[in-house]
Each structure stands twice: as C-alpha cells, then as structure tokens.
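Going line by line, the protein sequences match chains A and B.
So the first sequence is numbered by my numbering: it starts at 1 and just counts up by one.
So the second sequence is numbered by my numbering: it starts at 1 and just counts up by one.
Hints listed in this document are in silico derivations from the structure and should not be mistaken for laboratory results.
Because the structure is a prediction, the values reported are computed rather than measured.
Careful, some of the hints might be misleading.
With the Cβ distance kept under 7 Å, some of the chain A side facing chain B (calculated, not the full set) [as the list claims (entries may be wrong)]: (1) K38; (2) G41; (3) L60; (4) Y85; (5) L86; (6) V148; (7) P161; (8) L206; (9) G279; (10) I282; (11) A295; (12) M303; (13) V306; (14) V309; (15) P312.
Backbone N, C-alpha and C fix where the C-beta goes; we use that ideal spot for every residue, glycine too.
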Amino acid sequence: MPAPARSAVESTVMSDNGTVALASSRRTSPSRVARREKIIGWLFVVPALLMYAVFVLLPLVLSVQYSFFRWDGIGPMTWMGLQNYLTVLEVPDLLGTIYNAFRLVLFFSFIPVTLGLVVASIIHRVATGRLGEIARTVLFLPQVIPLVAAGIIWGWLLALPGLINQMLRAAGLGVIARAWLGDFDWALPAVGLIGIWVLLGFCTVLLLTGMTKVDPALYESARIDGAGWLTEFLSITVPLLRQEIGVCLTVTVIAALAAFDIVYVSTAGGPGNSTAVPGIQIYILAFTEQRIGLASALAVLLMILVLVVILPIQRLSREETP
Amino acid sequence: MRVGRSELFAGRALLVVLMVITILPFISIFTTALHPSGTLPSGLEWPANPQWGNFVQAFKVANMTALLASSSFIVVAVVPVSLLISTMAAFAIGLLRIPGERVLLFLFVFGLTLPFGGIIVPLYYLERAMGIYNTRLAIVLPLIGLYMPFAVFWMRAHFVNMPAEISEAARVDGASTFDLFWRIHLPLARAPISSLGILMSVWTWNQFLIALVLVEDPTQRTMAGALGAFQGHYATDVPLLCAGTLLILLPTLVLFVLFQRQIIAALLQGSIKG
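Can you build the whole structure from these sequences, using the hints too?
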C-alpha cells in the first residue's frame, strides 16, 4: 500500500514544479506536508492491518470459498454450489447443533443475566462493605480460569461418584442420581450448569458496577417511600441498567452460540449428538471426517447466526440510554 | 439506609451460600487430588492418608516446567507485539484521523463478534502452506491477528477522547508524527495499554481451540491447550487429573488474587467497550 502512494505524491509534486516553479512551490508545500502526513498515518495502521488481514480476513474468505466445494483436505476440490448449505439445513444431526446452541443460550445467557441482576441488587442493597468486596472477588473467580479447567472440574463433579450426586444422596434424593453428562436428556442442562457457574459471577460484577453508577438519591427516595426490594429492582435497577444488561447479553450469547472448550472437554458433543454444538461439529467434520466443505458451510452459518443475534441486542441496549 | 434487619440477614445468607457454591468445586478437586492415584473417591471426602505426592507426580507427568516455559513464551511473544501494533493503528485511526479511518474502523469492528470456530479450518490449511503448523508461531501469529479488532477498538476509544490541544501544542514545538506518538501519546496511554495487556495475557494463557488444532505437541501449547491433552491421557485416573488441573490453575489463581482489582476492572471495561 505505501509504495505506490508515495510515488503518486512525488509525481504530482514534480509536475507542479515543472509548470510554475516559484508560485506553486509556495502553494504546494502545505499540501505536500499534509500528504506526507497521510502516508505516515497509514504506515501506522499497516502492521495491525496486515496481521488482521492474513490471519483473520483471509481465513474468513477461504471459509466462504471452501463452503462451495467438496474437499477432503488433500485431493482436488469439487464445485458443489450451495449443496453444503442445503446439507446442513437438511441433515438433522447438523441442524440439531444449531438448535442445541440456542438451548445453551438459555443456560449461558438468560439464567446468568437474570440471576446476576438479582444477586447484584442484593449485594448493592445489603452488602456494601467488606462482604460485598469479598463476594465480588469470589464470584468472579470462575471467570479467570480456563474454560477447559472449568469443564474438567465439572466433569468430575457431575460424574457418578461426584459431588453433585453425593449431595443428592445426602438430601435423600439418591434416586435421581446419575452420570449427568452421560445422560441423553440431562447432558445439555448439565453443560449449561457449567456455563452458569462460569458466567454468573461475570454478569453479577458487571451489573453491580453499573448499579453503583446510578444516583444513590434515587434509591434513597425510593426507600423513604418504603419501596421494597422488588419495587426498587423493577422500577429503578432494570431500566437504568439497559446498557450493562445489553453487554452481559452480548458476551454470554456469543459464549453460548460459539461454545467449544467446555463442551469439548466435558462431553465432546455426546452422548450421541445430544450436546453437539456448531463449534464441536465443525471440529469433527473438518479434522476427523475430513469433510472440509461441509465444515466450512456450518462455520459460515455460525458466523452469520452470531451476527444476526447480536446486532438487535446491541441496537436495543444502545437506544434511549439515559 | 432503610433496609430491614430480616432482609439484611436473608440477603447476606444468600450471598454466602452463593460464594460457597462458587468455591465448592475447587475444594472438591482439591480433596480428590489427595486420594491415592488410581482410586475413585467420593466428591467431597478428606482422605485418610493425604497423598501430597500426587502433585509432584502430576508436575512430572504433565511436564509442567516445559508447559510453563511454553505458555510464558507465547504470552511474551503475543502481548507486547499486539499492544504496539494495535496502539499504532488506533493512534492513526482515532487521533490522526487519516483518510479512510471510518472504513478501517468498520473493518476492525467487524471482527469483534467473530467466533474462532468460524475460521479455524482455513487457518489450519493456511498454516500448513506457510510451514508454521505445529510450531509456537502457529499459535502466536493468529492470536495477534485475532486480537486486533478488540485491541484497536479499545485503544481508539482512548485516543478519540484525547484533547486536540495536546497534539497541537506538540506540533507547534515541531514534533513529527513519530515524536507525537512515541514521546507524547504513548506515555499518556499507559493506563488503557496496561489493562489491555492484562486482558490479552489472560486470554492467551487460557486459549484452547487454536492450541488444540494448530499444535500437536502439548509441550508447545498454551496452559489450557496442554490441559486438554492431559485430560485425554489421564481421564481414568481422577486424583491425578485433579492434581494436574490444580497445578495448571495455580499460576492463574495466584495472579488473580494478587491483581484482582486490575483484572476485574480490565475484564469489565473490556466487555463494555466491546
């Protein structure tokens, strides 16, 4: 980019000098400086743009390209048109991964955000001092560990001899004890539970930060009027935290739709396909079944899906923010 | 404060219960890690004879020394370069307002919601063609690229809010664009740069998918990537798996306790800007 731009500048400067020497040199010198500045400015962007273009944009374009072909990764590529996309939409196991991703949204996004709002407003109301500090730190802890570690830890907790079943037995509920992650009906909610554990603290602390920015006088006057927790929560907290709620929803919805680490480690998509999400299916199609075209079609659909879901959330939370 | 006594008590009790639920998983894998290797203990049970040696064994089996070195190398290779080039780009886009800044910004912001899973397959074939597959560069280079949307967006937010007088005064004193960046604006951007540095270090350390797909040798991976391999080998030996997991978590946990304020602040600001 910089090389042709520079030569263009030099050629204009020279032709200017060639026609009217004195007058033009006085006139062009500021614009010449400005052009030099523009080129230097562009040079500042080049390294970042280059890394982004080569390792993100180029693969993105290749994903779209691969999605129109049948390819095993080694041999020649066969043009398929839109067939790979039709296959994703027709084969129940593939379409099912998108359905599972939306079921995960309930656990990764809806529950942590709702519960986070409740917990944050409790901390805000009853634990402003030392306890609030400690609660913030402790609840945030699962957010800093690798998701893989969360998956391994919960893989053990949800196992047959694990802590969850031990507690159920202690509570006299031994009948429902099972290997949660190996159960066709319960594996997905169990994976969802891991997501709740990881994301609840993040949502709580983020929403709590938003609450401390709300004018305390609002809460004071509500309390003088004798407003209970619920009134205060619904009439002050939720409406004023639109933007923070939007951020929580954005982060957690992406975490659900693009889930990979937790699922790969805890169930690898099983049992059967009961916890298979697009990320897992892309990995399996591409790297164990060598169906690169099909994997890419699913990848493109996943990227479109994330955009389609996130854009309205962004728009809603940005509008009419006080 | 007109919060009732009973409400105060109920609220605090609920909070303590939540904290216990958050901590309990860590305690469970800790007690499990102390049971004899190869046994299958209950979820929460203090062993009759704590096997502290499990940690030593897991340290050796997981090849922790090599892992720590590899993860540190990757972080050191990714974070400073990403910080420098994203700050430079954000400086040009947000402060110099170079022509095409809106298009450039849109281009970078476009990458913000991109799931890694969407580009991992072509990345694999691209890296094979480039001859960097299965080296640490296979993790380092794509991570730098993948961090650009967020990092440029984050740093631009800082530069856009810088008062123009600072740059104008420097220009009057004859500062070149490079001086303006290096001597004036880089030192002023220390706070957002360090937050961004913390964020990218945590993300890199915890990176899994890229390490799993692009590097076969676990000792060349990130911590999280290596943990995945460790789980594959020791899925049946629960105490050893728990000991290894705890060891791999330890550096993160120590750093979190030491820098919790900065880490929490950085992660929260990060999500709000993003």
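Hint check, failures only
Going through the list in order, the structure violates hints 4, 5, 14 and 15 and respects the others.
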